[in-house]
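Participant: Protein chains in written order, with numbering that gives the first Met the number 0: chain A, 0 to 292; chain B, 0 to 371.
Calculated from the structure, these hints are not laboratory results.
C-beta: ideal position from N, C-alpha, C; glycine also.
Incorrect hints may appear among the rest.
What the hints assert, rightly or not - Which bits of chain A does chain B cover? Going by a derived footprint, with three or more residues having C-beta under 8 Å, they are:
| no. | segment |
| --- | --- |
| 1 | 115 to 125 |
| 2 | 217 to 226 |
| 3 | 261 to 274 |
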Amino acid sequence: MFITQLVQQVIGGISIGAIYCLLALGFSLMSRAINVIHFAQGDFFMLGGFASITFYLILKLPFWLSIILSTLCVSCVGIAFERIAYKPLWKSHHVFILMSTAATSIVLSNSAVLIWGPDAWRFPRIFSDQVLNLSGILIPVEMLWISISAVVIMILFNAFLQKTKLGKGFRAAAQDREMAQGMGVNLKLADSFVFGASAGLGAVGGVLVAPILFVTPYMGLIYTIKGFTAAVLGGMGSIRGAILGGFLLGIMENLSAAFISSTYKDAIVFVLLLLLLLFKPSGLLLKPTVEKV
Amino acid sequence: MKRSKFLVVACCIFILGLWGNAIPADPIKVGMALPMTGPGSMMGRDMRDGATLAADKFNASGGLNGQKIEIIVMDEKNQPTTALNVAKKLIYQDKVFCLGTNYSPPSIAVIPLTKETETPHFISGVAQKILEMDNPWIFRSTPSDKVLAGQYVNFAMKNLNLKKLAILNESTDYGKGGRNDLIDEMKEYNTQPLIVESYNLGDKDFAAQLNKIKNAGPDGLFIWGLYVEGAQIMRQAKQLGLNMPILASSGVLQGAFFELAGKDAEGMYLETYFFAKNSAPQVQAFVKEYTEKFKYEPQPGAGIAYDAMTMLINGLKKVGAPDKYKVMKEIRASRFNGVIGRQECDNVGQCGRSAIILQVKNGAPGVVWSSD
Numbered sequence: 000m001f002i003t004q005l006v007q008q009v010i011g012g013i014s015i016g017a018i019y020c021l022l023a024l025g026f027s028l029m030s031r032a033i034n035v036i037h038f039a040q041g042d043f044f045m046l047g048g049f050a051s052i053t054f055y056l057i058l059k060l061p062f063w064l065s066i067i068l069s070t071l072c073v074s075c076v077g078i079a080f081e082r083i084a085y086k087p088l089w090k091s092h093h094v095f096i097l098m099s100t101a102a103t104s105i106v107l108s109n110s111a112v113l114i115w116g117p118d119a120w121r122f123p124r125i126f127s128d129q130v131l132n133l134s135g136i137l138i139p140v141e142m143l144w145i146s147i148s149a150v151v152i153m154i155l156f157n158a159f160l161q162k163t164k165l166g167k168g169f170r171a172a173a174q175d176r177e178m179a180q181g182m183g184v185n186l187k188l189a190d191s192f193v194f195g196a197s198a199g200l201g202a203v204g205g206v207l208v209a210p211i212l213f214v215t216p217y218m219g220l221i222y223t224i225k226g227f228t229a230a231v232l233g234g235m236g237s238i239r240g241a242i243l244g245g246f247l248l249g250i251m252e253n254l255s256a257a258f259i260s261s262t263y264k265d266a267i268v269f270v271l272l273l274l275l276l277l278f279k280p281s282g283l284l285l286k287p288t289v290e291k292v
Numbered sequence: 000m001k002r003s004k005f006l007v008v009a010c011c012i013f014i015l016g017l018w019g020n021a022i023p024a025d026p027i028k029v030g031m032a033l034p035m036t037g038p039g040s041m042m043g044r045d046m047r048d049g050a051t052l053a054a055d056k057f058n059a060s061g062g063l064n065g066q067k068i069e070i071i072v073m074d075e076k077n078q079p080t081t082a083l084n085v086a087k088k089l090i091y092q093d094k095v096f097c098l099g100t101n102y103s104p105p106s107i108a109v110i111p112l113t114k115e116t117e118t119p120h121f122i123s124g125v126a127q128k129i130l131e132m133d134n135p136w137i138f139r140s141t142p143s144d145k146v147l148a149g150q151y152v153n154f155a156m157k158n159l160n161l162k163k164l165a166i167l168n169e170s171t172d173y174g175k176g177g178r179n180d181l182i183d184e185m186k187e188y189n190t191q192p193l194i195v196e197s198y199n200l201g202d203k204d205f206a207a208q209l210n211k212i213k214n215a216g217p218d219g220l221f222i223w224g225l226y227v228e229g230a231q232i233m234r235q236a237k238q239l240g241l242n243m244p245i246l247a248s249s250g251v252l253q254g255a256f257f258e259l260a261g262k263d264a265e266g267m268y269l270e271t272y273f274f275a276k277n278s279a280p281q282v283q284a285f286v287k288e289y290t291e292k293f294k295y296e297p298q299p300g301a302g303i304a305y306d307a308m309t310m311l312i313n314g315l316k317k318v319g320a321p322d323k324y325k326v327m328k329e330i331r332a333s334r335f336n337g338v339i340g341r342q343e344c345d346n347v348g349q350c351g352r353s354a355i356i357l358q359v360k361n362g363a364p365g366v367v368w369s370s371d
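Next up, chain A with everything else stripped away, as it sits in the complex:
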């Protein structure tokens, strides 16, 4: 009985964890490439949800097309903000870019209120209503769809970075800008890619999750915090770390709620994070790096 409960909670954690992975990936990407923690990451997630509502519900396009269009549109918004809000602050102190991302978050969430209203929107059911029953353990089919889709997207994205010329170029730019430029990598394109991809990953998460959650304009903040926590857990800047962190966060949340206290589940997770950072500040998967002066 206890084992069944444990497994059920872990499976629930993996389901929600897949979403956290997508967010964490966006964070890690940003952090690795341009050393910025993007406070508006969760708001791109929210925009992805609303974009898919607009394309699917309002414009009545097929769902697969809505996913693609939503991701593209939100990626463009991400690139636009890079040009307007972050690029001009490039030469100044780090902190200003950070503040700018916080401002972006405010702009995005309030724009969402102006465009779609302050209330929750319901996305029609896309995935099947069915729930699989494996000897007492219940797995909603839609959670399966979402988790698998998220994992597939992450694998494809990783393959792009590792195997394609363009992807390798972007990774080079993330490691050493001057050298990469010297080798012919287009830095402007690389920067746009980072922002576009982060926003896009966030958006894809939002689109996948819209059919199972209610999309509200202020949901960005919670997901920014979750994505950030997951990225830090696995190691900020590491792609694999983001994926591990995402799933681990989902599982930790569910187990804390189930076996310790549901009221304090968020607090427990943060305490665990603090403890982890005390002993392994670079996160679980990264080796501690020393900043060269």
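Starting from the known structure of chain A, arrange chain B on it as the hints suggest.
Facilitator: Chain B in isolation, oriented as in the chain A frame:
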């Protein structure tokens, strides 16, 4: 030359004086600190529109000897600190005659202010705690949660014969208050809840709590929170196979709950004080006027504000002037059948007395129990 100049000035002053009297007196301002954005924003809209309907009717019939009611709405995002700031602005800057607040947590934050500034204050939040804060200026058209929770437990144990009850509550003053009221009433039956879990306002995933509850094996589940989380909980409860009767509090039946929950609401119980299909004549008249004016059907929040404004307006009419001490006395003496049930104010400002329990069958809610 001097004399004619003096005459001109005197005439001007005389004319201005006449003109001054012809300008209608300052409007009677009613400030409303409502959640227009954030979690629970639909109830903010409902309360604003319900109050506006009452005020517009009053103004159209001439107001208080020509003095009209002006409603000023400000957004407090359902956050106690924002609500306090907004209330201060409305009271100190806009000098409102009466203040209105919505949910319990922001209302509780504002009560000390209206007590200190002696401002008439109507509240929709149902937490019992509100009545224990010793403010002689408050009046509440919604029934107390203590009464709502009590009647719900009676219904669950006597009408539905449930014995092992679980509670899932929001971690705010509203949710905790409701949980405490439920537990208190269960003590009357010499029992206690089988399992109690909670969640935070704004949470999106309830699988952990629901699985825990399911494992404990209750035969009924109370949900005490607001509508967005309520809809999501119903959805996940159905998925995770929680098939026992689910009884949701009045906070769940607000805004677009039925739209959000869809067929996941089937079979659930909801407690409220306002039901649009209620055949009582004042309810039907209200629903008709509201739908014509705002082009959508009224929700409980609209009825709450409408009855509160009715009490204020009746008080103003009885006294004949915006004298807050006399008007408050009249408000606290209110006795009438409002849109959300019987209104009879007691000495702590609790006016609302009625409760209705609905059940959703074949997609539509129907009354299964009523206190009147």
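Participant: Take the hints in turn and mark each one as holding or not.
Facilitator: A quick look at each hint next to the structure:
1. 115 to 125: That given contact holds, which follows from 4 residues of the segment 115 to 125 of chain A lying within Cβ reach (below 8 Å) of chain B.
2. 217 to 226: holds (count 3)
3. 261 to 274: holds (count 4)
Hint check: no violations occur; every hint is consistent with the structure.
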